[in-house]
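Visitor: Just so you know, the protein sequences line up as chains A and B, in that order. Plus 7 on top of the position in the first sequence (first one is 1) and you've got this note's numbering. Plus 7 on top of the position in the second sequence (first one is 1) and you've got this note's numbering.
You may find that some hints are simply not true.
When chains are identical, the list treats them as one kind, so a pair holds in a single copy or across two.
[Said to hold, decoys possible] Using 30 Å as the maximum straight-line C-alpha spacing, the simulated DSSO-like pairs for lysine-lysine come out as follows:
| hint | residue 1 | residue 2 |
| --- | --- | --- |
| 1 | Lys145 | Lys39 |
| 2 | Lys179 | Lys191 |
| 3 | Lys38 | Lys145 |
| 4 | Lys236 | Lys190 |
| 5 | Lys145 | Lys232 |
| 6 | Lys48 | Lys91 |
| 7 | Lys273 | Lys13 |
| 8 | Lys12 | Lys276 |
| 9 | Lys91 | Lys49 |
| 10 | Lys191 | Lys145 |
| 11 | Lys125 | Lys91 |
| 12 | Lys35 | Lys13 |
| 13 | Lys48 | Lys261 |
| 14 | Lys215 | Lys237 |
| 15 | Lys258 | Lys98 |
| 16 | Lys35 | Lys145 |
| 17 | Lys215 | Lys177 |
| 18 | Lys13 | Lys190 |
| 19 | Lys39 | Lys125 |
| 20 | Lys49 | Lys125 |
| 21 | Lys125 | Lys38 |
Since the hints were derived computationally from the structure, they do not count as laboratory data.
Below are the chains, spelled out letter by letter.
There are 2 protein chains.
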Amino acid sequence: MNFIKKFEQRLIEKDTILCVGLDPALPKQRKKNTIPSKFVKKSEDSEARLSFCLDIIDKTSDFCIAAKPNEQYLRGFTSQQHMKLTNSLRKEGLLSIYDCKLGDIRSTAESALYYFRKWGYDAITFNPFPGNMEEVVKISHESEPYLGIIVLTLMSNPEAEKFMRYAIVKNKPVYLAVAEDVKKYNADGCVVGATGHVTQEDIRLIRKITGNEKVFLIPGIGAQKGDPKKVIRAGGKNIMINVGRDIIYSKNPKVKAEEYFKMFNKVRKAD
Amino acid sequence: MNFIKKFEQRLIEKDTILCVGLDPALPKQRKKNTIPSKFVKKSEDSEARLSFCLDIIDKTSDFCIAAKPNEQYLRGFTSQQHMKLTNSLRKEGLLSIYDCKLGDIRSTAESALYYFRKWGYDAITFNPFPGNMEEVVKISHESEPYLGIIVLTLMSNPEAEKFMRYAIVKNKPVYLAVAEDVKKYNADGCVVGATGHVTQEDIRLIRKITGNEKVFLIPGIGAQKGDPKKVIRAGGKNIMINVGRDIIYSKNPKVKAEEYFKMFNKVRKAD
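Could you put together the complete structure from these sequences and hints?
Guide: Rendered as C-alpha cells:
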C-alpha cells in the first residue's frame, strides 16, 4: 500500500494528527532534555536510547498517528535496533518516519534506500538540494516494500530563508519550486515548518501547489511555540504535527501526548 | 590542530592528493560493484563491510592522503565499528572524511556532531540547504576534537544544476553564494564535482571566492570519467580527488590506487 493511503486509513482509525518526535539524547551529550538515568544505568548507549524510545511509544501510542525518530539522535544504532523500533511502532499501529534528510545521488542514494526498507520504515525525509527527487521517488516506490518520501520544503529556522525563500528559480522562490517537484515527481509529502518566518499563507501556497492528498509533516509546535490553529487551517486534512521534546522529556509523556491530541482535535473538529 | 593545517601537513608528508572512497555494497544489495564473497561468508553484514574497508585501507594507504567512507554504505555500523575504521585510518596516516551530507539544525545537528567527534572522524560533508552553516561550523570548531566541515557546493549530477546553478540568490547562482558562505563562516572546504556540467571555469570561480587554503574534495574521476587535468589546474594546491569503485572493486586495489597516485602526481608536477 502506498504511504498516502496508509496515512489516510490510519487517520480514520486513530483520529489523531499527532506525530511524536523520538530524539533520545544521552545525559553525557548535553545538560537539558536528556533521557532519564534509569535507562542509561542499565545498558550501553544504543540499548539505552532504544529502551527509552520503546517506553515512549508504549506511553503515547494511543494518541499518535506516527512517530518520527531523528537520525541525528539514533546514530550508532544497528540494523537490528532499527528493526526493533519499527516493529514496536507497527504493533502499536503507528506509522514510522525516519527523519534522515537523505540527500544523495544515484547508486549511493539507492544504497541508503536499501537499508531504510530493510529496517522497516514507512517513510523517510529527503533533502532536495542535489535535485534528484524524481530518481529517489522512483526507486522508493517501485521496490518492495513501498517507502514514502517526504521532502524538506520550507524549514522554519531563520537562516533557512536564504536558500529556500530568497533564492529564485524560474521566477519563483525555491520552496515553491520544490513543492512543484513534489507534485510532478509524485513524492508523498512535504516537511513544512510551523513557526518563525513561515506564514499561514506560505503553508496555503504549498498546499495549493501539491494538491490535497500529499502528507505534510509539520514540526515546530510544542517547545518551539508554533500555532497549531495556523497550521491546521492552512495545511488541510492530510497533516501530521510533530511534537518532540515537549512530550518525550516531560514528567508524564502520556499526559502530555493526550493534551496535544486533544488540543489538535479541538481545532480540527471546530473547523 | 585544524583540518586545513592537518591536510597541508599530510600533503607534504605523503605527497598525494588521492582520496579513496569507501562504499562497501553487499552482494544482496545490487548486482555489480559489490564486496568479494570472502568477506561476506565469514561474518554478518556490518562486520563484512568493516573488514572489506580495513583491507582496502591496508592495500591503498601508501598512495592516499585520505579516505571517504560514505554513510549510505555504512548504515547499521555501531559506534565501535566507526571507531575501528577511523583508528585504522589514523594508524596509516590517512585523514578520515565521513561523507554524511549533514543537513540539520540547532540541537539536532549538535547531536550528530557529538557522534561524529566520538567516532573520530577528521571532517564531515555538509549540505547547506537549511542555511545554518555558521552554526554548524562554530560547534564543530569550538569543541574538542576539531571537526572539519566540507560543504556541498556544486555537484556534478545533471539535476543538481536546478537548485545549485540556476537558482539565483542576491544576483548570483546558489553555488557561488555557498562558496561565499564557506569563506565567510570559515568552513574547511567544498565538495565540487569533476564531471558533467561542472566546467573548469566553475572550479576556478569557486576557488577565487574561497581563497587558496580551503580543501576541495572532488569526486567524479575514475568510473565517472572526469578529467584530472581540468580539476588539478583549476582547483589549486589544496585538493583531494576521490576515487571510489574504480579502486575498491578492481581486481587489484593496490595497483589501481598506485595508478591514480601516479596519474595525479604527473599532472601536479608538470604544472
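Visitor: Hint by hint, say whether it matches the structure.
Guide: Checked hints:
Only between protomers do Lys145 and Lys39 lie at most 30 Å apart by alpha-carbon distance; the minimum there is 20 Å, versus 41 Å within a single protomer. For a Cα distance limit of 30 Å, the shortest separation of Lys179 from Lys191 qualifies both inside one copy, at 16 Å, and across copies, at 27 Å. In this assembly of identical chains, Lys38 and Lys145 lie within 30 Å of each other by CA distance solely across copies; the values are 19 Å between and 42 Å within a copy. With identical chains, the CA atoms of Lys236 and Lys190 are at most 30 Å apart within one copy only, with a shortest distance of 25 Å there and 41 Å across copies.
For the homomeric pair Lys145 and Lys232, the shortest alpha-carbon distance between copies (26 Å) is at most 30 Å, but the shortest distance inside one copy (36 Å) is not. Taking the shortest alpha-carbon separations for Lys48 and Lys91, both the intra-copy value of 20 Å and the inter-copy value of 25 Å come in at or below 30 Å. Taking the shortest Cα distances, Lys273 and Lys13 sit within 30 Å of each other inside one copy (24 Å), while across copies they are farther apart (58 Å). In the homo-oligomer, the alpha carbons of Lys12 and Lys276 lie at most 30 Å apart inside one protomer (22 Å), although the nearest pairing across protomers, at 60 Å, exceeds that limit.
Proximity of Lys91 to Lys49 under the C-alpha cut-off of 30 Å is found in both arrangements, the shortest distances being 18 Å within a copy and 25 Å between copies. In this assembly of identical chains, Lys191 and Lys145 lie within 30 Å of each other by CA distance solely inside one copy; the values are 12 Å within and 38 Å between copies. Taking identical chains as interchangeable, the C-alpha atoms of Lys125 and Lys91 lie at most 30 Å apart whether they share a chain (12 Å) or sit on different chains (25 Å). For the homomeric pair Lys35 and Lys13, the shortest alpha-carbon distance between copies (28 Å) is at most 30 Å, but the shortest distance inside one copy (38 Å) is not.
In this homomeric assembly, Lys48 and Lys261 come within 30 Å of each other (Cα to Cα) only inside a single copy, at 23 Å, whereas the closest approach across copies is 46 Å. In this assembly of identical chains, Lys215 and Lys237 lie within 30 Å of each other by CA distance solely inside one copy; the values are 16 Å within and 45 Å between copies. Proximity of Lys258 and Lys98 under a CA criterion of 30 Å is satisfied intra-copy only: 25 Å inside one chain copy versus 46 Å between copies. Proximity of Lys35 to Lys145 under the C-alpha cut-off of 30 Å is restricted to the inter-copy arrangement: shortest distance 20 Å between copies versus 41 Å within a copy.
Taking the closest pair of Cα atoms, Lys215 and Lys177 come within 30 Å of each other both inside a single copy (18 Å) and across two copies (27 Å). Taking the shortest Cα distances, Lys13 and Lys190 sit within 30 Å of each other inside one copy (18 Å), while across copies they are farther apart (46 Å). For the identical chains of this complex, Lys39 and Lys125 are inter-copy neighbours only, at 20 Å across copies versus 33 Å inside a copy, given an alpha-carbon limit of 30 Å. Proximity of Lys49 to Lys125 under the C-alpha cut-off of 30 Å is found in both arrangements, the shortest distances being 28 Å within a copy and 21 Å between copies.
In the homo-oligomer, the alpha carbons of Lys125 and Lys38 lie at most 30 Å apart only across protomers (17 Å), although the nearest pairing inside one protomer, at 34 Å, exceeds that limit.
In summary, this structure violates none of the numbered hints.
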